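Letter by letter, the chains look like this.
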Amino acid sequence: MNNERNIVRRLKVIILRIPSMLSNNRAVIAVLAFLYLLPLGTAASTSPVRALLFLITQIMVFSLLAMSFDLQLGRASLLNFGHVALFGVGAYFMAFTLDADFLPPPFNLIAAIPFPLTLVVAMMIGGGLGLIMGLTTSRMRGTAFAFIGLAIAMFIYNFFAENPGLSGGETGLRVPTPDIIRTAPFYLLFVTLAFVFLAAFIGMVVLYIKKRTEPIGLILVTPVMVAFTGVLLIFGTNVFGPVLVFIAFLGMIFLFWIERSKSISDPLQYSENRTFTGEVKPTNKLTTYVLPFIIIIIVLIGVVVSFGSNIAQMVTLWIEDSSTFYFTIPVQFYLVLTCLVITYVFIKRLIASPFGRMVTAVAQNEERAEALGYNSYRAKIVVLVISGAIAGLAGALYAPFIRIIDPHTTLGVEITINAMLYTIIGGIGTLLGPILGTGVVVYSELNLVDFIREGLGLPGQLWLVGLGVMYIFIVLFMPLGIVGSIGRRAGSIKDRLRQLKLGQFEFGIKDTDYWVFGLLGTIGLFLLLLIVSL
Amino acid sequence: MKNLLEIQNAHVYIGSFYILQGISLVVPKGEVTLLLGRNGSGKTTTMKSILGIYPPKEGKIVFKGEEISNLPTHKIVNKGMGYVPDTRRIFGTLTVEQNLVVSMRKGSSREDMQKRLDLIFDLFPDMKGFLKQRAGTLSGGQQQMLAVARALMNENDLLLIDEPTEGLSPLLAKNLIDSLDRLKEFATILLVEQNFRTVSKLGDNYYIFDNGKIVHEGTNMSELIDDKALVAQYLGVSI
Amino acid sequence: MTMQTKRFSPRDYLEENPQVRKLLRITVVIALIIIGGLLVLAAIDVYTWNGFVVRASKSLVNGLALSMLLFLMVSGFFLIFGLCDVINFAHGAFFMLGGFMGFVIYLGTEAVFLDPALPFYLIFGANQFALSVTAFIVSALGAAAVLALIGGGIEFFTIRRLYGNPIAQILLTVGFMFVITQIVEIIWGPSQFSYFIISNSQITYFFISGLLDFGGGLQFAVYRIFLIFLGLAVAGLMFIGFRKTRIGLLVQAGIEDSEMVEALGTDIRKLFTIVFMLGAGLAGLSGAVLVPWIGANSGHGLTYLIFAFVIVVVGGAHYGRLEGTFFGALIVGLSIQFTSYFIPFLENIIVFIIMAIILIVRPGGLTGHE
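Chains as they are written, first to last, in numbering that gives the first Met the number 0: chain P, 0 to 533; chain H, 0 to 238; chain Z, 0 to 369.
Worth flagging that the hints you see were computed from the coordinates, not collected in a lab. Wrong hints could be hidden among the right ones.
To be verified - A short list of chain Z residues far from chain P (calculated; beta carbon distances all over 12 Å):
1) Y120
2) T157
3) Q201
4) D212
5) V311
6) F344
To be verified - EDC-like, lysine to aspartate or glutamate: derived pairs with alpha carbons at most 20 Å apart:
7) K63/H to E184/H
8) K105/H to D266/Z
9) K200/H to D180/H
10) K78/H to E258/Z
11) K114/H to E96/H
12) K105/H to D44/Z
13) K243/Z to E110/H
What the hints assert, rightly or not - Quick look at which bits of chain H chain Z covers, simulated, 3 or more residues with Cβ under 8 Å:
14) 76-82
15) 86-94
All figures in this text were calculated on a predicted structure; none of them were measured in a lab. Beta carbons are placed, not taken as given, at the ideal position from N, Cα and C, and that holds for glycine.
Construct all of the structure, not just a fragment, from the sequences and the given hints.
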């Protein structure tokens, strides 16, 4: 009896924490809700969205690799040329677990590990290799570490390249898609998650509107909702969904006016149930529970109306023939996206933690950090293990995604150099830099090579020369890459936005409002990509 | 021109650390100027900022009437400075003779070298014995001789000598100080020393450093030795 | 009073007991000799005595030739690393580019010499041996000069801005490696294509393709024996230059303490540029010298870069010892050739095995101290 009450109390604490969680991670939730919605636009038939999903998945896998590389280079100042080995062992491990027939007897047992668990094991293997690399750091002075890693990677590369029976050699090793990826329940799990994130996103918008009672709140939310309606209009199957979302938006405006008329306290210091004199305010059931709930439900119904036929079509096809492969692209997209977001949040937390500060101290001045009592050797090893685990995860996601792996494309030194290009062009030591850099490079590679070859009639490899020259210029003149140099200017832009006035309105934008631009930018980018890939 | 070297209100940073906070000093020609003070009070940094290794962010350094604050190290040195660093920093893999050859400036002839060698052998007669030996295998005193000899391989007007007696036995230190005393006739000397009593007979002027500032200056070393309060406050109880 | 519990550490134990250490060392040496002997016996058993002698002598000659070539290349890498503290990742690319430069210059020189309209034809038209030797010398020196200019240019315009920021310098040299490799691949194709002088040349050369036959299957390519002597000669010149010339001494002193060299009045930046040119030139020279034997190939850049790393680590040259590169090159070159003749499946990974053993036994390499 007592126990049950305890559980209820704990649940209540968790539920009560949701609003603050929502408002603390606005940008992540907004982008997450949008990205999770995207694959719902695909049906069984081929569509431009599928190609887009494939491209984005590729970018996200390499982003994971670049982020793990940046964790070493940007945070701990460790330049590891063997980084690809961490990625490659993850990829090969995944390939072996999915098809272990040709492994000698004791080893083919790894095929018994179920799929999602293999990701964890791949991370452990990557982390273990990172540990081995880390142990050599004590044996080499300073920058010489760069080539020990390279030697380890070359050893592994040669080992695989010399054993074509194991690695598939020149022709490559076929990696079957994990069965679970093709099943409807797994897909539906992610669809459910998509709805959860969507509900969270709308809840966040509602909370935001209730908090910011001056007109700017509404002004900022309007483009978000318009964009959201537009996305449903483009990707959805009919117009009823967007209409429902628009109705929900009208509900938000209604909520806004109710809250505004009764608001007496300082809107910036808004408190849900207290007046500014400190007395407890009678809870308004309509604005606190009923209206937000109705708004969220309307939006969810709108999304179901928009995409329901797609989902139903895919599921019926699977029931008719369970060997269907329609799920692979959206499910892999979901899988990689989830891993990427978790990694992003994890690295962000890690950097802010005491350990992260210690790593920064060690990277800046090892001797001083040791004098302060930090164990720089251990800090480096831990960074290498974590980054190895992330790279191993990237490799494990990459193998079933790309279908065929061979030593050259998963263990070749070129991959390390690619990760380096992505990281440095995006920005060393910035969290978003590696992701953005990967996106820019992978996307432009896809399009510019064809353009150079067919449009200009020149060898396509000139693109790589151009990339290399750009890289050299960035190393020389923009040490923090694209994101870093934007970030340097962002300060002054922010200051100007903060004091912006539009007629009689104080258009001052607070730091918490930038999620709007993040989401709008992401949506714009994807729409652009979609239009181009059409 | 009485003052060979003049530092005017120099502010020096190493990385983000503010080390020298407005130093002004003069080194008169033909005299020995001592920089005294505790460890970490900014004496060695002063030397290095004269040499251009840590150029001052603000202020001026004037040598022979020319401003040298923003020149690269080798140009400053070639104007006529010899540097004897605090941890000797001889080239251990080279022989003593090769160390001396490396220290000669471009364009010196064989006769020049012979002339300078004669001078060095006159000051340190022992050096003849270990000229062909690898410098890394020398004893501390011998290494210090080599470090001083390196600075004497060129016609230098100013010698910057940093903690010459550090790590030497009292007897060796005394011999070295005697040799430095004879050096006075060839060049002006700027000497950094923690152990001020051993060099007291050398000094013509002195500056006392504390926390990157000059807190006291004077011209009479014997007065300083008698000023117990000052010694206790800034120079500690040195042995 | 608490007892200080000390964890047992084998290294400390050996340090404290020199006799145990000595005994252990003798045991290891004896064990190695026995293992080596057994390996030799096994090889004789497999290949018969005559076959063993042929293989052993061939791998010795080839190994020495490769070692000398590697030494030429790695000494350039070492000079740049030692003096400027720059890990030059573009060194392999310099080496590979040197190979292509050598190839092009060789064929160009040959075409000029064989043109009947030019006066050279009178001298070389009939004497093909002299022609090949002259063309070889021109190509080697030409490649060295071109690469010295490229290396010097890269140092002067880019790397010079980043002294004091070793990671940015490495990133920069990686960029140059990338760009050079891509340009070479655009012009000459990917690493599947190798370019050989003999197959592109108008005449056959005794100098490059000639064999010395001692009978009984003991045939040695003249060129490889020539490489051994060339390598020894350049190595000797370098050691003498290091000991006797002023600039050599300055470089040696700078490897130890470059700031002090500057404080003694040398323009260290100028010295850095000179050393960079010298190092890149050595890479170009060794690349050009490699062409008549192994050919020019755009994939060589990475392969030989890794050899350079292994040699530096094995020889202990990262502690500033030029001799280290010599011994490291000998070990790597000989072990590659011996394994390729006797244990072919280990050919590509033997260098990493050697490096791992050296790192475990002597972290400082052969000549370095702990």
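So, going through the hints one by one against the coordinates:
1. Y120: holds, 37 Å
2. T157: violated, 6 Å
3. Q201: holds, 29 Å
4. D212: holds, 34 Å
5. V311: With a cut-off of 12 Å, V311/Z comes too close to chain P, as the shortest Cβ separation is near 8 Å.
6. F344: violated, 6 Å
7. K63/H to E184/H: Holds, at roughly 18 Å.
8. K105/H to D266/Z: holds, 10 Å
9. K200/H to D180/H: holds, 8 Å
10. K78/H to E258/Z: holds, 18 Å
11. K114/H to E96/H: holds, 14 Å
12. K105/H to D44/Z: violated, 64 Å
13. K243/Z to E110/H: holds, 18 Å
14. 76-82: holds (count 3)
15. 86-94: Our answer is that it holds, as 5 residues pass the Cβ test (under 8 Å) against chain Z, meeting three.
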